[in-house]
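**Q** Here is what each chain is made of, one letter per residue.
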Amino acid sequence: MDHNEERALPWRDELRKSMKAKERTDIPRVHMPELDPEYRSHSRVEEVNLGLTSEMAMLEAKRCLDCANPTCMLGCPVGIDIPRFVKNIERGDFSEAAKTLKETSALPAVCGRVCPQEKQCEGQCIHLKMKKEPVAVGYLERFAADWERESGNISVPEVAEPNDIKIAVVGSGPAGLAFAGDMAKLGYEVVVFEALHEIGGVLKYGIPEFRLPNEIVDVEIQNLQSMGVHFITNCVVGKTISIKDLEDDGFKGIFVGSGAGLPRFMNIKGENLVGVMSSNEYLTRVNLMDAANPHSDTPVFKGKKVAVIGGGNTAMDSVRTARRLGAEKAMIVYRRSEEEMPARVEEVKHAKEEGIDFLTLHNPIEYVGNEQGRVTHMLLQVMKLGDPDESGRRSPVEVKGETKLIEVDEVVVSVGVSPNPLIPQSVEGLEVTKWGTVVVNNDTMQSAVPIVFAGGDIVRGGATVILAMGDGRRAAKSMDEWLRSQQ
Amino acid sequence: MNKIISKEYFSANVIKFEVEAPLIAKSRKAGHFVMVKVGQKGERIPLTIADADIQKGTITLVVQKMGVSSSKLCALEAGDFITDLVGPLGKATHIENFGTVVCACGGVGTAPMMPIVAALKKAGNKVITVLAARTKDLIILEEQMRENSDEVIVMTDDGSYGNKGLVTNGVESVINRENVDLCVTIGPAIMMKFVSQLTKKYEVPTLASLNTIMVDGTGMCGACRVSVGGKTKFVCVDGPEFDAHQVDFDEMLMRLGGYRDIEREENEQYQSTIKK
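Same order as they appear, the protein sequences are chains A and B.
Heads up: the first sequence at position 15 corresponds to 15 in my numbering, and the numbers run straight through without jumps.
Heads up: the second sequence at position 219 corresponds to 219 in my numbering, and the numbers run straight through without jumps.
No wet-lab data here; the hints were simulated from the structure.
All C-beta atoms, glycine included, are put in the ideal place defined by N, C-alpha and C.
Check the hints yourself; a few may be wrong.
[Stated by the list, open to error] Stretch-level coverage of chain A by chain B, calculated; a stretch enters the list once three of its residues show a Cβ under 8 Å from a Cβ in chain B:
| no. | region |
| --- | --- |
| 1 | 193–207 |
| 2 | 228–237 |
| 3 | 274–281 |
| 4 | 414–423 |
Using the sequences provided together with the hints, build the complete structure.
**A** In structure tokens:
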């Protein structure tokens, strides 16, 4: 059934007519219950957002007008049937809502938490045209996925008859997991190779538990395992085994979702001082290695005056982590203004509530250290906004002669990542851009080496979980078609 | 999980392990390293591969007991399992017939030098190995080095074995007596710094294999970054070997000491718990 046929079903029709549109739009948008900011800024792993109750979710679902042309769906990179899942919540069939999500999204509990909804589904909601707040699609998505998980009755998607065709996946992050799920559904024998000792990629090493608990990721992984997906950790494709080894081993298709593993630095004076590190290092120590736990062997600096350079989600994750590890002063240093920040609106809001200082329109130009080589100060250049640049955002311009020297004992550099070079270096014939991303056909995600498909940050060079998942799903569809055409 | 096949003490604090890792044994080359993690809450530490046996499917690691993580590894016995082991990582050593090569190694750095010496010899080089340690008991792998080198010069700080003096004295004696085309050095950072200073004076091209702090070992974290020729490089993916004359060893030494206070504290805690 397509969207229109679904929408015409008697239950949907009845539900739609049960309330006037005006009544629906008059309901104020739900507020997500949250942990107290003061309490949570000292609690390392407790999730900030507590989730909606059934009553809250059903009321919020009433706000949705069940539009004939749901623009929200156009904003979703994986094309979730948003009105159908929302209306299922409204009528109290949470299980059906969860099932709807899983038809198109491999990781709904994850996306409900980390997607930039304000730029996607919610950014296209009809309510905005009426100067009202959009339907809280993200909160509702999380609600349905959590409800299903907590009910203990997780539906395992139907898996086709095994076709005995082996498919390899490189990397177990969002792109790889989404791809693996779709291929398993189609009956392929899927093996996921992960370089680290944990499965989940950026969902484990990057995003902190206070935003995305590990348990949620693990349930999604178990779900894939119960669909027959195999996982092999501690295996670096391109190093431990080669793409050729995989081919010799009978793998008929390879999907590379190896991520954007290489942190960028700014190449300014003092950047290699002790106490200056990438957000990847900082977050990997705290998240993957659990370094702040006294039982962990991995050390981590617990700075008292911490500056995080950047304005993205990773910067917000880092600065809020620093606060939780005991920073008295935790600062965001960002060269543009708050309006241009790429971070999710909710992360900026949460950070502010937790007492994070925002030094916008400032850019570090040098770090100063003591005789032990430890960072003690940062020198910031004051900036102002100029004309829009190629990103469409107003570009930062130096205010000549205006600088500030600020005391710090730890600096986390979060100015972006470059693609992990391991695969591009080790696969012959792969086409690679000057930024190190793998070139693929944008529709099929197939690379210059026909057996190799790729998606996520290794192709995009630093994007979002949901875009990576969208790539994984597209790659699965086209690899399936390609393999069928080979037979 | 990788099984330890054998354990051998080179000295009280330097231990050789043979570990089951068939895929790594097959794909590794001289100069490669692995990341090792012991226990669920263990730390990931880099260790250079000292040897491998493709038939047996094993790799050889030589570990010096230093802090918590190396102590935990050294406490394992044959039959035990290493929780996580991944590799081979880094770029392999570039091997060709350079002519005469001096391999200068100190302490536990001798182990990762072993496969490089063997590969250089096989490629037709005249290999002169300078083995250095504080004292006689700390000289390791001498027999194997002799089998693969044209000459082995042993140096001890206290003169208890071989010649009395530092590794640099040994290297300098060779440079003074014959033409040297390349020097390779592996050992403590401070040792490599002085070898590099010496060979720079004589304009002998020199490679140093750096062992910095790493978390993932695959290019992801950047903890291992060093300045080489004024540019920041990652030891894990750009190295571990670099033109020694371009390496900023002072910065590297400074960064190596970055976690020293936290590590000392953790080690004291760990040592007190195992004594109980």
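**Q** Would you pick out the hints that fail for this structure and give their numbers low to high?
**A** none
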